[in-house]
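J.: These protein sequence lines are chains A and B, in that order.
The opening residue of the first sequence carries number 1 in my numbering; numbering runs sequentially from there.
The opening residue of the second sequence carries number 1 in my numbering; numbering runs sequentially from there.
Do not rely on the hints blindly, as some may be mistaken.
Looking from chain A toward chain B, a few residues come up when the C-beta cut is under 8 Å (computed) [unchecked claim]: (1) 89; (2) 94; (3) 97; (4) 100; (5) 107.
Everything labelled a hint here was simulated from the structure, so no lab data went into it.
Yeah, the Cβ is synthetic: ideal placement off N, Cα and C, and Gly gets one too.
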Amino acid sequence: MPNKNIFCNVPWYQGHVYWDGTFGYCCVIHTADGHGYNVKSNTAKEWLQSHELKEFKQKLLGDEKLSPCDLCYREEDQGFISKRQNENLKSAIWPSEFDRSFNESYTRDKFLNIDPSTYKEWHLDSGNECNLACKMCNPYASSKIETMYKKWGMPTADTSKTLWMNHPNAKNFVKEICDNEQLKRVHIMGGEPLIQPNFKNILKQVSESRPDISFSFVSNSTKYDSDIARYLEKFASVDIELSLETVDSVNDYIRQGCQIENVLDVIDKWHQHKSEKFGIVIRPTPSILSVSRYVNLLQWAHDNKHIIRSVLLTDPYYLRISLLPEKYRAPIIKELTEWSNNIKVSTNEYVGTRDQHRWEASLKQECDSMITCLQQPVIPGAEKDLIAWLQRWDNEYKLNVVDYLPEFSDFFTEHGYTISN
Amino acid sequence: MDTQYQTEIQITLEPHYQTVIPRVFVELDNEQRSIILKDTETIAFNLVLDVGQHSLTVWFENKENSDSTTAVEIKDIKIQGLTLDRVKWAGNYRPIYPEPWATEQRQQGKMLPEVIPGGHYLGWLGTYTLDFTVPTFTWLHQIENLGWLYTD
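Let's have the full structure, built from the sequences with the hints guiding it.
T.: Here it is in structure tokens:
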């Protein structure tokens, strides 16, 4: 029997392509291990039958934690439902009754035999073209950050020059995955897909050849495109994952380059399309910079009947919530507890990501997860790195964290935050 | 994939009464239990079930026409260790309405439903039936509406 804390079905069912075309094990793992398989030179079938993928699957059947999967482990440790747990549910493997449900899963033997048959989902990274420079992001997912890294003399690859989507073989690769009758979903990540010119081409190609599948993508909530909305309407189902950290100006502080009024307006435009087959999910990455405003985000989502599915921030380490001292946590926990107590919906259920009818239960679940997260031990030690990082960006964008988060001003000044502007 | 699975099901029943203690008969496939429900009670089944369709049925057997208080409530149903509200709501209640009251109601044009989907408060005589399939974890996934499933 695989280990309930390790096993993950993702490499059996979900194909991943990173920004440079490298085949990956999971979208949560951002780098390959030098295996060399790439959509520019290999087919998906070759990757599926590769020794490297088989070896990775074998490790997931074992008892040792895998360092690339650290994000999921951290989410689980802090009370959130991880991608691993959510994906295992697609095989009817329940986190709380792992052994029995794994044994009863229709696909148990496929896992145990390291079956190399085809994927049913593809997660494609559209590259780093982005109009924002979010403080928690990196050059591989934001061209703005790539530019700044170069300006600051920090190491970075020329991500924008090696995008698989711009390669001549991109169309053939998309055709190969669409030709697979078992395909159920294509998911596009970024960067910001809506400003990547080839996103529209791929969307058009997939919508024409496979309208029977589900199509989803992430967006930073700064762009609405009616042409894209029209293509999306062709699919059997659609999910848009919209990034939002807070519903006030702290969102602008974190997601540098955006304006909250515009962001909420864009979310509202996408929300107009919401239907049984067109889902909207709000995807914050809760961090030390946003956690004090989380209750307002929940209330806004409640007012608008949105589903929130957080991806708890783990990287960079100095932006983690775990850095926040106890005295700042107590009022946040109090607010969240009061909010949760006011939501009179049964949580005696497991809320899936995509059930738009259960927005209220999903919000309560999110709130309770955040309370659990804030009740975990404080892990100090990264304060200096946090301050250095904030100062670096705030000098560049002429911002002052104390203006945005006065509730933490003592914390920031105590650790040496100063800004000249 | 196996053809049979060890399956644990627990159903918790709560009685409501003033004088007449409710009597129930609970059946999972061919395994039966007869219970005088003086207090809230959990009835546990642990059976090897074939892959496919099965039924859990509760008969409320002893309500008199003159008794307006005695009832049986299905508080929860735990399957393979999981207690999910939607499980009890997935069942159907088929009441046996008392006569001549039922005929009078119909004569007055009031519809008395033959089946009450999701009904788990047994205020009249009748049966509550939960149809489910084995493997149960897959069935639970479906009734919780958790999206698509990989079955191959």
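J.: Would you mind marking each hint as holding or not holding in the structure?
T.: Taking the hints in turn, this is what the structure says about them:
| no. | hint | result |
| --- | --- | --- |
| 1 | 89 | holds, 6 Å |
| 2 | 94 | holds, 6 Å |
| 3 | 97 | holds, 5 Å |
| 4 | 100 | holds, 5 Å |
| 5 | 107 | holds, 5 Å |
This entry satisfies every hint, going by the numbered hints stated previously.
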